[in-house]
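J.: Sequence:
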Amino acid sequence: MRRIHAHPILDVKPRPKVRFTFNGEQVDAFEGEMISSALFAGGVHHFGLHPGDGSPQGIFCANGQCSQCTVIADGLAVKSCMTPVRQGMIVQSCNTVPQLVADDRPAELRDAPVVETDVLVIGGGPAGINAAIELARAGIGGILVDDKPGLGGKLTLQTHSFFGSIDACHAGTRGIDIGTLLADELEGIGRFQVWTRTSAVGIFHDRAVGLVRNGSSYVLVRPRALLVATGAREKALAMPGGDLPGVYGAGAFQTLVNRDLVRSASRLFIVGGGNVGLIAGYHALQASIDVVGLVEALPEVGGYKVHLDKLRRLGVPVWTSHSVARIIGREHVESVVICELDRRWKPVPGSERSFDVDTVLVAVGLTPIDEIALKARLYGMDVWTAGDAHMIAEASAAIFSGKMAGREIARALGADTDVPASWQRTAEVLRSRPGPVEEIPLAEHDLPVHPVIRCFQPIPCNPCTEVCPVGRITIPAGDIMDLPVFLGEECLGCGRCVAVCPGLAINLLVRDADPRRRIAQIVMPYELGADTIEPGQRVVTVGTEGERVGRGRVLATRRHEDLDRRLLVIIEVPWKDRLRVAGFRVRTPREGRHARRRAEPETIVCRCERVTRERVVQEIRRGVRDINQLKATLRSGMGACGGKTCGELILRIFREEGVEPASVEKNTLRPFFEEVPLGVFAGAVDGDGEEA
4 MRRIHAHPIL DVKPRPKVRF TFNGEQVDAF EGEMISSALF AGGVHHFGLH
54 PGDGSPQGIF CANGQCSQCT VIADGLAVKS CMTPVRQGMI VQSCNTVPQL
104 VADDRPAELR DAPVVETDVL VIGGGPAGIN AAIELARAGI GGILVDDKPG
154 LGGKLTLQTH SFFGSIDACH AGTRGIDIGT LLADELEGIG RFQVWTRTSA
204 VGIFHDRAVG LVRNGSSYVL VRPRALLVAT GAREKALAMP GGDLPGVYGA
254 GAFQTLVNRD LVRSASRLFI VGGGNVGLIA GYHALQASID VVGLVEALPE
304 VGGYKVHLDK LRRLGVPVWT SHSVARIIGR EHVESVVICE LDRRWKPVPG
354 SERSFDVDTV LVAVGLTPID EIALKARLYG MDVWTAGDAH MIAEASAAIF
404 SGKMAGREIA RALGADTDVP ASWQRTAEVL RSRPGPVEEI PLAEHDLPVH
454 PVIRCFQPIP CNPCTEVCPV GRITIPAGDI MDLPVFLGEE CLGCGRCVAV
504 CPGLAINLLV RDADPRRRIA QIVMPYELGA DTIEPGQRVV TVGTEGERVG
554 RGRVLATRRH EDLDRRLLVI IEVPWKDRLR VAGFRVRTPR EGRHARRRAE
604 PETIVCRCER VTRERVVQEI RRGVRDINQL KATLRSGMGA CGGKTCGELI
654 LRIFREEGVE PASVEKNTLR PFFEEVPLGV FAGAVDGDGE EA
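Residues in the sequence shown are numbered consecutively from 4, following my numbering.
The hints are simulated quantities; they were obtained by calculation from the structure and are not laboratory data.
Fair warning: this is a prediction, and the values are worked out from it, not measured in the lab.
Careful: at least some of the hints might be erroneous.
To be verified - Pairs of lysine-lysine residues, derived as DSBU-like cross-links and limited to a Cα-Cα distance of at most 30 Å, are as follows: (1) 151 to 20; (2) 579 to 669; (3) 349 to 669; (4) 238 to 669; (5) 634 to 238; (6) 579 to 634; (7) 669 to 634; (8) 16 to 151.
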């Protein structure tokens with residue numbers, strides 16, 4: 004079993020159990036968890052065979068955006084990542100095209116009910132909830148819908164503390180807690196109906212939005228104003244072997260580990276050095292998963308340096324100007340081969356290295372989920388977007404984006420409210436990319452104890468300046484994008500700055516631990532669990548970027564409710580290392596082995612219809628410049644995901660073939676944007692009034 008029974012941040016509580024069968028074998032699960040998570044917890048990663056070519060199928064997105072995880076549950080083809088288990092459920096692999104099941108029960112058809120409302124908010128993540136809160140405060144009600152069982156969106160997966168401003172977006176608080184705070188606030192105000200397990204599947208010329216509730220009823224909603232806060236879907240990456248079970252997105256990984264408490268990997272490799280990939284690597288270590296390494300194709304990672312430094316200090320190697328050459332495996336990932344890239348993005352001969360892993364996590368960017376918004380504008384609706392559906396940015400920016408959209412909609416509907424001028428500046432700052440890394444020498448102060456701040460890159464963040472009880476940590480220019488500075492003169496040694504820093508970039512240096520100046524003590528944050536470190540333990544100490552410094556000894560650990568589940572570890576180091584030591588390793592980095600040349604696996608572009616890159620290239624070279632034509636000739640985009648996964652990959656191939664994507668006719672969007680059972684759409688009910 005791969006259940007997580009203890010976690011340094013998450014509270015693991017007992018849950019009611021159920022039992023179902025998969026291909027005739029009994030599987031234990033928790034009530035309400037998704038089929039895919041229950042299978043993973045039971046060690047099942049291979050869900051079935053593709054009906055077209057017999058290739059093994061697993062999961063990719065775990066968010067309902069693709070169809071990799073399709074299974075047959077009680078006779079119906081469903082996405083296992085969006086379908087909760089039930090006691091006695093019979094689940095089977097979807098190895099062939101599902102046959103229609105004859106149903107001779109008498110049934111009647113009924114028109115979909117139509118609901119009128121002031122505002123319909125699609126998406127219950129940070130942007131959608133905050134928009135609803137602002138609308139409710141302005142006296143305007145409506146309906147908030149989300150396809151998950153509860154509100155919070157990606158906040159429910161984020162165990163780390165947020166960057167940004169404490170006042171604007173709860174900086175210094177963990178994402179999982181922010182989601183709960185916002186949901187409770189909305190419920191307390193009232194005015195909004197909250198429909199969970201509800202998907203927006205289409206929008207029509209009469210300005211009605213089609214919703215499927217609980218997978219069983221179809222409803223049309225006509226709002227006066229529409230807010231689309233549907234978030235983003237993860238970009239895929241076309242690479243040889245990239246369609247194997249065990250290759251999946253960072254969101255899927257965080258869903259399994261942080262939401263469902265399933266240890267979904269043993270040895271993990273990450274592709275992509277943005278914040279999503281860096282944070283996912285840290286979450287893996289918290290779940291006792293070995294992170295073998297991370298590659299980034301660019302010369303520098305795109306994520307925050309403090310996130311990168313956290314991984315490097317813990318012993319995770321990060322290779323820039325590198326990519327994945329191929330992934331090897333039969334029915335599941337067995338190894339990954341990486342290579343160095345030259346200035347023309349071509350593999351450097353002889354640079355290939357192989358690593359034994361069971362999972363490859365793809366974190367190469369996000370794409371707005373904006374189909375509903377595009378169609379709404381086409382039909383002349385009053386529509387707003389917020390969060391990642393408006394602009395890809397950090398979750399802190401999504402929070403503020405939702406607040407602004409809520410105020411704008413309220414004003415448009417006649418409420419006496421406005422958007423303060425200062426909010427636009429705050430929004431721009433929260434969306435800011437990290438600035439260039441600055442070389443700032445670490446300063447020592449003539450104090451018994453004082454903070455050492457290793458924050459060398461401008462990012463929107465200010466919690467450390469807000470919690471210092473004597474006000475000695477400040478941002479000199481007053482701009483949240485500037486770097487914090489300790490002014491000296493006084494330090495209580497309380498450790499609040501260490502406890503609140505989202506980047507784990509602040510330590511306390513205890514200079515007076517040894518009057519003869521032979522040793523110093525360092526107090527540092529630690530979030531990998533108290534059972535992984537103990538007093539007396541010898542550790543390899545490292546500098547800011549993970550470079551080895553020497554050795555140290557753990558003196559003690561401290562835990563307090565004010566630390567928000569963060570452990571403080573006190574280590575003893577030689578006096579000469581007092582400013583150099585930033586942390587200690589938890590794993591030993593490995594360089595991999597030289598990779599032998601072998602036949603490369605196919606590169607699948609369209610996972611649903613098993614279309615290869617080679618076939619797409621052939622069509623482009625024949626002169627095809629229309630995605631819809633490719634859909635007709637190759638069936639790319641014809642699968643259950645509707646081109647959500649392969650669309651951008653195909654545009655990238657056009658670019659690589661010298662064709663500007665702007666000259667390519669895009670895929671025509673038509674409802675439904677998700678699968679809807681015909682019986683649900685038709686409102687079919689049997690003679691007893693039950694859904695047929």
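J.: Now tell me, hint by hint, if it's right for this structure.
T.: Now the hints, each set against the structure:
Restraint check: the Cα-Cα separation between residue 151 and residue 20 comes to about 20 Å, which is no more than 30 Å; the hinted pair holds. For the hint linking residue 579 to residue 669, the alpha-carbon distance of about 62 Å lies beyond 30 Å, and the restraint is violated. With a C-alpha separation of about 28 Å, the suggested pairing of residue 349 with residue 669 holds against the 30 Å cut-off. Proposed proximity of residue 238 and residue 669 is supported: the alpha carbons are some 17 Å apart, at most 30 Å.
For the given pair, residue 634 sits about 20 Å from residue 238 by alpha-carbon distance, which is consistent with the 30 Å threshold. Taking the CA atoms of residue 579 and residue 634, the gap is near 65 Å; set against the 30 Å cutoff, the hint is violated. A distance of roughly 11 Å separates the Cα atoms of residue 669 and residue 634; the hinted pair therefore holds under the 30 Å criterion. Distance check on the hinted pair: residue 16 and residue 151 sit about 20 Å apart at the alpha-carbon level, within 30 Å; holds.
Consistency note: the structure conflicts with the earlier hints numbered 2 and 6.
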